[in-house]
Amino acid sequence: MKKAIFLDIDGTILDCFGGISDITTNVKKAIHSLQSSGNYVFIASGRPYAFLSQALLDFGFDGFILTNGAHIILNDSTYKNPIDKTFVKEAAIEFEKRNIQYILEGAPYSYMKDNCKEFYDFYDSIGISRKFFKSNFNIDDIDTYKIEMLCSNKESIDFCLSLIENNPHYDYFHSIDEKSFELYSKKNTKATAILKVLDHLNIPLENSYAFGDGKNDIEMLSTVGCGIAMGNASDEVKKHAKKLTDTIHNDGVAVGIEKYINC
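Residue numbers (my numbering): 735 to 997.
Think of the hints as simulated: they come from the structure by calculation, not from any bench.
Treat the hints with caution; some may be incorrect.
Computed cross-link-like contacts, DSBU-like style, restricted to lysine-lysine with a CA-CA straight-line distance of at most 30 Å [to be verified]:
hint	residue 1	residue 2
1	K868	K921
2	K888	K930
3	K949	K888
4	K921	K736
Work the whole structure out from these sequences, hints included.
Set out below in structure tokens:
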């Protein structure tokens with residue numbers, strides 16, 4: 735019976751801040767060995783399509799789960815479930831009133847105005863191409879799957895938190911170090927997307943595996959047949975996984991594949 739393996743990107747196969755800007759040789763070999771045995775390997779990331787490097791697109795993954803499950807690419811099939819347009823438009827108005835830089839993550843393009851210089855500099859610094867960025871857009875004409883904001887002060891953070899509190903259909907992830915605040919719909923998660931992929935491929939849940947390290951990986955790790963937390967994951971994430979592997983800097987995905995999938 736074929737297996738399906740789902741890999742987070744940041745902190746799992748890449749660490750843009752820690753010097754791993756490409757999948758390591760050992761991890762590449764482990765992934766290709768799974769595929770050569772007839773198994774499927776997917777990306778499952780909070781990133782939108784615009785944040786995928788050409789190397790990731792060309793690697794040969796069997797599909798992509800993006801923007802925390804709101805956008806799925808599976809061979810010639812796609813699934814898209816955007817955020818309510820009225821909510822996006824009203825939120826954008828408030829961001830601009832408060833000088834909060836923001837990006838509307840779509841498919842394939844993501845949308846960010848020219849005056850968001852600090853945000854553009856941040857993405858440049860971690861090697862994200864501007865190929866699929868658009869600065870001139872009509873907000874009424876685009877679909878948004880996730881919103882990311884740059885919260886550089888307490889007032890910005892407090893406003894973004896209040897936006898979630900007043901709209902219980904949405905959830906968030908906040909990275910204090912990177913000053914980024916991500917907002918997304920609760921109805922779309924990596925886990926809900928994985929279940930759609932498994933159903934499409936007719937693969938039983940017990941034959942599914944996932945590797946992750948972050949808050950938005952928790953539901954995925956606790957849903958698949960075998961959730962594997964990276965060694966660099968927080969204790970909160972680790973307690974939701976069935977297995978634990980090494981850190982990203984010690985080829986944790988390759989170690990976990992050999993120990994738990996190829997065994």
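Now for the hints, and whether the structure bears them out:
Taking the CA atoms of K868 and K921, the gap is about 27 Å. The hint holds against a cut of 30 Å. Restraint check for K888 and K930: not satisfied, since their Cα atoms lie roughly 38 Å apart, outside the 30 Å limit. For the proposed pair K949 and K888, the alpha carbon gap of about 22 Å is at most 30 Å, so the pair holds. Annotation: proposed proximity of K921 to K736 holds, straight-line Cα distance about 28 Å (limit 30 Å).
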